[in-house]
Amino acid sequence: MTLSSPASLEKFGSSAPKFAERMGVLRASPHLQPGVVTLLVLFFCVYVGYRSGDFWSALNWQLLSQPLAEAGLVSIGMMFVIASGGIDLSAGAIVGVAAVTAGVAAHHSLSVPAIEAAALSAGLLCGAFNGVLIGVFRLSAILVTLGSMILFTGVALAISTGSSFSDFPNGLLWWNDATLSGVPVEFLLFLATAAVAAILLRYTLWGHYVIAVGSNRVAARYSGYPVALTLFCVYALQGLLCGLTGILLVARLASARADMGQGLMLMAIAAVVLGGAPIAGGSASVIATVVGVAAFYIVQDGLLLLDVPPFIQHALTSVLLLVSVATGNLLRGNGEDRQ
Amino acid sequence: MKSPGISTWLRANFHRHETKLAALLLLLGIALAIAAPRFFSSVNLALLARSMGVLLIVSVGMLNVILSGGIDVSAGAILAVVSVVLVRLGNHGLSASAVLPLGLLTGAALGAVNAALIAELRIPPIVATLGTAGLFRGLLLEWTQGEWESSIPGWLNAVGSPRWGGLDASVLAAALVVLAAAWILHRTQIGRALFRFGDSPVAAARTGISRRQPIYFAYVSLGLLTAVGAVFYAAQLGAVQGNAANGYELTVIAAVVLGGADILGGRGSLVGTFFGVLLLCSLQQALVLLHVATFWQNIATGAIVLVGVILSAAPHIRRRVVLPQSASA
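Quick mapping for you: the protein sequence lines, in order, are chains A and B.
Just so we're aligned: 119 in this note's numbering is position 119 of the first sequence, and the numbers increase by one with no gaps anywhere.
Numbers given in this note's numbering equal positions in the second sequence, counted from 1, plus 1000.
Hints are supplied without guarantee of correctness; some may be wrong.
To be verified - Selected chain A positions facing chain B (Cβ under 10 Å, derived; list incomplete):
{"hint": "1", "residue": "GLY24"}
{"hint": "2", "residue": "LEU40"}
{"hint": "3", "residue": "LEU89"}
{"hint": "4", "residue": "LEU133"}
{"hint": "5", "residue": "LEU143"}
{"hint": "6", "residue": "LEU151"}
{"hint": "7", "residue": "ALA178"}
{"hint": "8", "residue": "SER181"}
{"hint": "9", "residue": "PHE311"}
{"hint": "10", "residue": "ILE312"}
{"hint": "11", "residue": "SER318"}
{"hint": "12", "residue": "LEU321"}
No wet-lab data here; the hints were simulated from the structure.
In this text, all values refer to a predicted model and were calculated from it rather than measured experimentally.
Ideal placement from N, C-alpha and C gives every residue a C-beta, glycine not left out.
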């Protein structure tokens, strides 16, 4: 996984015609892929709206926005992880750990804030575990999280002893039921988190460190950046967001099981990549990530309303990922640099 | 008194990952000899060998892919597709001599799809195989409509039934696959090219190795070996369905990585992979024998993978600091 070399910069140096220069800038733009994905999804929305009357109903978008918010939170954490040059295969397992922790806490009839705090700290602890191994001990992210994914799945099963929990207090289920002028609170929480993430990424030193570490870890270390601390915080944040997702999932499904986060990890990686972020790291955009995750859920929902068989929906969303990444690569024309 | 030969050999091999793995295996063996002597009964050892067959065959393919600097998370989906193809065609009355080549061809073709996405469209391996995993699995589930194929043809059943003192054909096949892979990886041009390409694609290109050849070889060989594994997978289970082998690719990657293969490519060995598979399988078998709850099996497997990662990284931590990522990719 190499870093993209400044092919576009060389173009600025030459005295190429203005149109070609502009095209070069557009092709190298990080907004290209999320832009194209947004356009494609908008066309798709118009088509589905024409074919199915239910698509533009408020209820459809309410139901759509809740799973979108859950996957979106994990995706934002994953965006920081991928931007820092890593990957987190254990995200889904952490969601499971947080969910069953909330289940056990509710089982012991703790108060709602205590349940939420327990789930969040369980997520944070799992993320910190990854962060120590990857940041401090400098182990490979994909290998550590592969191991910790299996480990956390076992921990979640151990905490829940393999059973599922129900009977959650109404205060916790509030997360699912409450709406603010028609918009589910869950979705608003996701938007707020996205805004905070954008500020962290663009306007704080830590955001700068994350991108620097992802672009070139050695250069970052030689520049005196706190690489270990930056990476630790990246994985701890991912753990915290997975914990939050666990709470929201428990609230929506009114039950908690160890395998609840299954599928969220792959969805999050796919969403970040669909937004155009290079899997090798060094670049990130919150808007692009939100576009990526929204595209997946809107397309899936649209296909459902078009009566496409469920398994074909699954296959088509995978095709969407492959096609958009391939076109992004070909348009940018920097394939030579990406191995 | 140690002979000088042994001490030189020890000094030369002491820091090899395989030596550490062997020590780990020895520790596990001693612990088992005390806690569960039944583990070493011939019946149990035969069971262990049978459980290793499929994993070892697919792991050799995954080793090729990881040596090339890539990764393949669609192996589980390919395994499911091929095993359903084999059983469905077999149940339709096609003979074994027609079904087996078709199954192997399916596996190789799906591997070629991955390779084409990576080599021609230049999609990063993890993204490409993430996409094809969803694609293959989705199409397979649409084809089977989620139903079980609960009976398998007689010839396939015969393949999976134990003979030769509890061993079945999968053990023989795994041995043949490892021998063939050893020859290809170390004695042929394409095998050496795989190592060099994985170590540094740029340097490999300078020495005249195209990027297509190693990529196609790695992913097609994984597809083919996954298909071989699927034959024994279906034969041993006696029933297949579209959701079969969900997440199997992660077990395979864990085994190869535990065997000391470098996820950045270019370094890894068949001996290490064999030890990795042996360690994972004997740990699982031992925990079953000791009547340990499932979640402890997960925790122990995860812990052993992390130990393997730490063991294999320890001597290279300095290297990782000095070399920029782009130089070792």
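Verification of the hints:
Of the supplied interface hints, the one on GLY24 (chain A) is violated, with its beta-carbon coming no nearer than about 19 Å to a beta-carbon of chain B, more than 10 Å. Interface hint status for LEU40 (chain A): violated, as the beta-carbon distance to the closest one in chain B is roughly 16 Å, over 10 Å. A least Cβ separation of about 8 Å between LEU89 (chain A) and chain B falls short of the 10 Å threshold, and the interface hint therefore holds. Checking LEU133 (chain A) against chain B: minimum C-beta separation of about 7 Å stays under 10 Å; hint holds.
Below 10 Å, beta-carbon pairs count as interface contacts, and LEU143 (chain A) has one with chain B at about 4 Å; its hint therefore holds. A cut of 10 Å between beta carbons decides the hint on LEU151 (chain A): the least distance to chain B is about 3 Å, and the hint holds. Using the Cβ-Cβ criterion of 10 Å, the hint placing ALA178 (chain A) at the interface with chain B is not satisfied: the shortest such distance is roughly 33 Å. The interface hint given for SER181 (chain A) is broken, as the beta carbon of that residue sits about 36 Å from the closest beta carbon of chain B, more than 10 Å.
Below 10 Å, beta-carbon pairs count as interface contacts, and PHE311 (chain A) has one with chain B at about 4 Å; its hint therefore holds. Annotation: ILE312 (chain A) was flagged as interfacial toward chain B, and the flag holds, the nearest CB pair being 5 Å apart, inside 10 Å. Here the hint on SER318 (chain A) is kept, as its CB sits about 3 Å from the closest CB of chain B, short of 10 Å. The restraint placing LEU321 (chain A) at the interface with chain B holds, with a minimum CB-CB distance near 5 Å, inside the 10 Å limit.
Checked against the numbered hints given earlier, this structure breaks hints 1, 2, 7 and 8; the rest are met.
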